[in-house]
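Asks: For the protein sequence lines, the chains are A and B, in the order given. Position 185 of the first sequence, counted from 1, bears residue number 361 in the working numbering, the numbering being contiguous throughout. Position 157 of the second sequence, counted from 1, bears residue number 333 in the working numbering, the numbering being contiguous throughout.
It should be emphasised that the hints constitute simulated quantities derived from the structure, not laboratory data. Take the hints with a grain of salt, since some may be wrong.
As the list makes no split between identical chains, a pair holds if one copy fits it or if it spans any two.
[Unchecked claim] Cross-link-like lysine-lysine pairs, in silico, DSS-like; alpha carbons within 27 Å at most: (1) Lys218 x Lys199; (2) Lys211 x Lys199; (3) Lys192 x Lys214; (4) Lys211 x Lys181; (5) Lys218 x Lys192; (6) Lys218 x Lys181; (7) Lys214 x Lys266; (8) Lys367 x Lys192; (9) Lys311 x Lys266; (10) Lys181 x Lys367; (11) Lys367 x Lys312.
Quick caveat, the model's predicted, so the values are computed rather than measured.
Protein chains: 2
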Amino acid sequence: MGFPKSIETLVNEFMKYPGVGRKTAERFVFYTINKMDKESTKNVAEALVNMKDNINHCKVCNNLTDDEICFVCSDPKRDESTILIVESPKDVFSIEETADYKGLYHVLNGVLSPADGVGPEEINIKSLWDRVTNKKVSEIIIATSSTQEGETTALYIKRVLKDLDITVSRIGYGVPVGLNLEYADNLTLSKAIENRKKL
Amino acid sequence: MGFPKSIETLVNEFMKYPGVGRKTAERFVFYTINKMDKESTKNVAEALVNMKDNINHCKVCNNLTDDEICFVCSDPKRDESTILIVESPKDVFSIEETADYKGLYHVLNGVLSPADGVGPEEINIKSLWDRVTNKKVSEIIIATSSTQEGETTALYIKRVLKDLDITVSRIGYGVPVGLNLEYADNLTLSKAIENRKKL
Numbered sequence: 177m178g179f180p181k182s183i184e185t186l187v188n189e190f191m192k193y194p195g196v197g198r199k200t201a202e203r204f205v206f207y208t209i210n211k212m213d214k215e216s217t218k219n220v221a222e223a224l225v226n227m228k229d230n231i232n233h234c235k236v237c238n239n240l241t242d243d244e245i246c247f248v249c250s251d252p253k254r255d256e257s258t259i260l261i262v263e264s265p266k267d268v269f270s271i272e273e274t275a276d277y278k279g280l281y282h283v284l285n286g287v288l289s290p291a292d293g294v295g296p297e298e299i300n301i302k303s304l305w306d307r308v309t310n311k312k313v314s315e316i317i318i319a320t321s322s323t324q325e326g327e328t329t330a331l332y333i334k335r336v337l338k339d340l341d342i343t344v345s346r347i348g349y350g351v352p353v354g355l356n357l358e359y360a361d362n363l364t365l366s367k368a369i370e371n372r373k374k375l
Numbered sequence: 177m178g179f180p181k182s183i184e185t186l187v188n189e190f191m192k193y194p195g196v197g198r199k200t201a202e203r204f205v206f207y208t209i210n211k212m213d214k215e216s217t218k219n220v221a222e223a224l225v226n227m228k229d230n231i232n233h234c235k236v237c238n239n240l241t242d243d244e245i246c247f248v249c250s251d252p253k254r255d256e257s258t259i260l261i262v263e264s265p266k267d268v269f270s271i272e273e274t275a276d277y278k279g280l281y282h283v284l285n286g287v288l289s290p291a292d293g294v295g296p297e298e299i300n301i302k303s304l305w306d307r308v309t310n311k312k313v314s315e316i317i318i319a320t321s322s323t324q325e326g327e328t329t330a331l332y333i334k335r336v337l338k339d340l341d342i343t344v345s346r347i348g349y350g351v352p353v354g355l356n357l358e359y360a361d362n363l364t365l366s367k368a369i370e371n372r373k374k375l
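The shape of chain A in the complex, shown without the other chains (with noise of 0.2 Å):
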C-alpha cells in the first residue's frame, strides 16, 4: 500500500511534467500539503486551466498571445518593413528581452524535417507569403536554428521569395559574447572565422 489515491493521482500528473521525476513530483505535492494553503492550491490550478483556454497564436504572426492579435503586431510603433522569422514563440520572448529589435515577427510553429514528415504545409509558411505579397516588406531576417532542419527551412523559405523585390538575410552565428574560445565548440568556432568582419 502507498500513498493515499489523491496523493499518488497528484504525484502522476506532475510526472507528466518535462524533467519532472517520481521524487521531483513527491516533492511537489508533499509541499502542496505542508506549505500552501487550498486558496493558493487552487489558485495554481486556475492559472493552469485559464492559461490552456485564453491562449492561442496571433492571427498575424502566429506568436503566442491572450487576445486576437499580439502585443508585437498591434504595436503601431513597430517597423511593418522587416520580419523576423523565428521557430518557436519563445525565441520572440528572447528577442523582445534585448530590446534591440523593432521590425515584426513571424512565427512558423516548427521547422521543416522531411523525415519527421514535416514539409512546407505543416509549418506556417504559407501566411508568410501572404504577408510578405500584401504589405510593404523590404527585409526579412531568417533566425531559424543552425541546425540542419533550421538551415533547410531558411534555404527553402529564401527559395521561395528569390522573385520578389526583398533583402532575405540570416542572422549572425558565432561565438557568443563573453565566451571564452576554449568553451565554443567546433561548428561555432568554424562559423565564426567564416564571419569575420573587417576591423
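Following the hints, position chain B against chain A.
Replies: Frame of chain A, contents of chain B only:
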C-alpha cells in the same frame, strides 16, 4: 513587454514550488501549451484541488489519508502492541516501502525546537499519551531523525513515558547498507562504531 498575462501568471504560480526557477517554470508552461491538450491540463488542475480538498490527517496516528482513518490504523492485521514514532507522514510511506514493519505509527508532524518556538504543544505528542495509556502498547520505537531536534524529541518522549511499563527504543544509526566507508560522514561513522554488534 514580456509574455502574455496568462503565461506570466502561470510561470509565477509554478515558481512557488521548491527548486523551480524561472527557466524551469517557463519550460513547464510551454510544455503545457505545446504538448498537453485542454483535457489533460484540466486533469492536473483537478488533481491539485482534489488532493488539497480530500487529504487530511488520520484521527488516530496523524498520518495523511483520504479517509477518517489511515490505511495502517484501519488494517486489523497490524500489530497493535508496537508504535513507531516518525516526524512526518512521508517517513511512514518510506518505512512502508520496506514492507518489514508490521506495527502502527504515530506521526508527530514536527520535532521539538525551542529555538524556533516549537514546544510539546505544537507537535502531536499529547495524542500519543492518550494512545499508549488507553491501549495495550508494549513498545515504542522512536524514529525521529538524528539531528539535534530529533534527539531532543526522542529524549523528551522517553521521559514522558518513563513511568509506564513500555519499552522505549530508538532506531539504529550506522553506515547505510551498500555504502562504501569512505563516503560516510564522521558522525555516522562514530555512531556505527558505537552501535557495533558482536559477530
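Asks: All the hints need checking, so say for each whether the structure fits it.
Replies: Evaluation of the provided hints:
1. Lys218 x Lys199: both (23 Å within a copy, 23 Å between copies)
2. Lys211 x Lys199: both (17 Å within a copy, 22 Å between copies)
3. Lys192 x Lys214: both (23 Å within a copy, 14 Å between copies)
4. Lys211 x Lys181: Both: 20 Å inside a copy, 25 Å across copies.
5. Lys218 x Lys192: Both ways: Lys218 and Lys192 sit 20 Å apart in one copy and 13 Å across, limit 27 Å.
6. Lys218 x Lys181: Intra 19 Å, inter 18 Å, cutoff 27 Å: intra and inter.
7. Lys214 x Lys266: between (32 Å within a copy, 20 Å between copies)
8. Lys367 x Lys192: neither (38 Å within a copy, 41 Å between copies)
9. Lys311 x Lys266: within (25 Å within a copy, 62 Å between copies)
10. Lys181 x Lys367: neither (55 Å within a copy, 38 Å between copies)
11. Lys367 x Lys312: neither (32 Å within a copy, 79 Å between copies)
Of the numbered hints given earlier, the model fails hints 8, 10, 11; all others are met.
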